[in-house]
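Peer 1: Spelled out, the chains give:
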Amino acid sequence: MKILQHAPVALGATLFLALCAAALARPTTLAAHPTEAEAYAEAYAEAYAIDGTHSTVLFKVSHFRSSLYYGRFNEVSGEFTFDTADPAASSVRMVVRADSVDAKVENLSKHLRSPDFLDATQFPEIVFESQSVAAGEAADTLEVTGELTLRGVTKPVTVTVEKVGEGPGMRGARLMGWHATFTIDRGEFGVDYGIERGAVGREVELIVSVEGHAR
Amino acid sequence: MPVGAILLWGVAAPAALAALAWCVGRRPWRGDRPPPGGGEPSVRCWEAQAVALAFLIGYTGQLGPPRWPGGEVPPGAQDWLVWIVLAVGLAYARPPRRLRALFSRPLIAAGALAPLLLPMIRHHWDAQPAIGWFGGLWAGLLACWWSGDALARRAPAAAAGVLVMTGAALALCAGLSGSAKLAQAAAPVCAALGTLWVLDLWRHASAPATGTVALAVLAWFGLGVTAFFYSSLPAGQALLLGSAPLAALASSTVVGPREGFGATVVPLAAAALPLAAALFLAWSGFEPDPYGY
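Protein sequence lines, in the order shown, are assigned to chains A and B.
Each residue of the first sequence is one higher than the one before, counting from -18 in our numbering.
Each residue of the second sequence is one higher than the one before, counting from 2 in our numbering.
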């Protein structure tokens, strides 16, 4: 009976010893710290969700060959991955709602959404999807080649993107920001209204600033 | 596009084409008397086909050729509409007996609305709203066809006029509510119909040729649907525009005289009321930018 009285103590001691033995027997990788390079690569090879609130897509186009007009798109989403060890493994997919075009004046915004320009109801999404990524010539830059789909037309585009920075956000989430400027020929995408008269330029410069939250 | 080119392709060329078709069919140089009570002569008329071709030529001249599926730039509803009107116009040329059933109105209405509503079905609607909108518009198109045909029988000299007025009002409303392209697309059909109307009035051969009313109704209904769903034509204005042929028919049936000047003027005046209301709403809702867009 005395043996039975000491059984819980014996069981607890046995369990404790077993756990200690298991911990000692685990591979040494847990005990050893990773090298700095490993930690760097591990930290950056991850996916980010594009933060629509802190990302911006602006467009710049000439108006009657006299001035430069700026407008914006208000709804941006998508995701990207970034791998510092192997930039070619990075990727991006960005979606802009065509009907979120904002030209400051509502009548002009409506005109831009209409079939005259973006035809936003029939072609609701403007999508950029990378096909290949390579390290850029300058530091912290990437050459991203991908397909831009606008008004239902898909064309190859190569964009130089520059890393703006990185760091913890409000709640400790890892943030990373990228910036790019590139020019498209809107006529190639079937958005040809006003080109002939020069009322609205053929070439449209897109200024894209993206903030990503690590998933 | 320069104003001269717009006038050439949007007005002059379609009007010339319609006039040519009218001359070929009506042969005014022979001094033929129009059929008793107006209407089509015994020879073949190509007026509906001229309206359809005028739409294609006017659209192409002003806005470029309408896009075709499989091309680099996918077609929008406005592109589809040009092809649909052309196909229906050709079908009206001389439909073989076997094809009569195929080209019956309910099937044409369904076939015409399907590509126009495809982007809404693909991107914006679930099954229930898609069925509801499709069914409602299908019935609406058939009702507009019916009222146009009934008006052409009852007040033949007024029918084309009502359609010209409706098209002109639609073009203005579409332009004021956000799409100059849709306004330009309506212009050649308006010009062709207007030319036929004036020439018919001149020769007292007042009834539009076979298919002309149906084609014009289809063009306006399709442009109205396109402007409503894909541009910013407000629902109230769309309903007022669509009610014009019904108002004309109702006035002709209820209060209008059967013959004489009044038989033409009363339906035109009745149609003008909802059209004027639509234009008033469009103009009052338009805020002109002092610097232009």
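These are computed hints drawn from the structure, not numbers from a lab.
Possibly wrong hints are sitting among the right ones.
[To be verified] These stretches of chain B come out as covered by chain A in the derived footprint (C-beta under 8 Å, 3 or more residues):
1. 21 to 28
2. 115 to 124
3. 230 to 238
Yeah, the Cβ is synthetic: ideal placement off N, Cα and C, and Gly gets one too.
Peer 1: Quick one: see if chain A covers the region 21 to 28 of chain B, three-plus residues with Cβ-Cβ under 8 Å.
Peer 2: Since three or more residues must qualify, the claim that chain A covers the region 21 to 28 of chain B is violated, with 0 doing so at under 8 Å.
Peer 1: Under a C-beta cut-off of less than 8 Å, do 3 or more residues of the region 115 to 124 of chain B approach chain A closely enough to confirm the stated coverage?
Peer 2: holds (count 3)
Peer 1: Quick check: the region 230 to 238 of chain B, covered by chain A? Criterion 3+ residues, Cβ under 8 Å.
Peer 2: Coverage by chain A holds here, the residue count being 4 at a Cβ distance below 8 Å.
The structure shown violates just one earlier hint, number 1.
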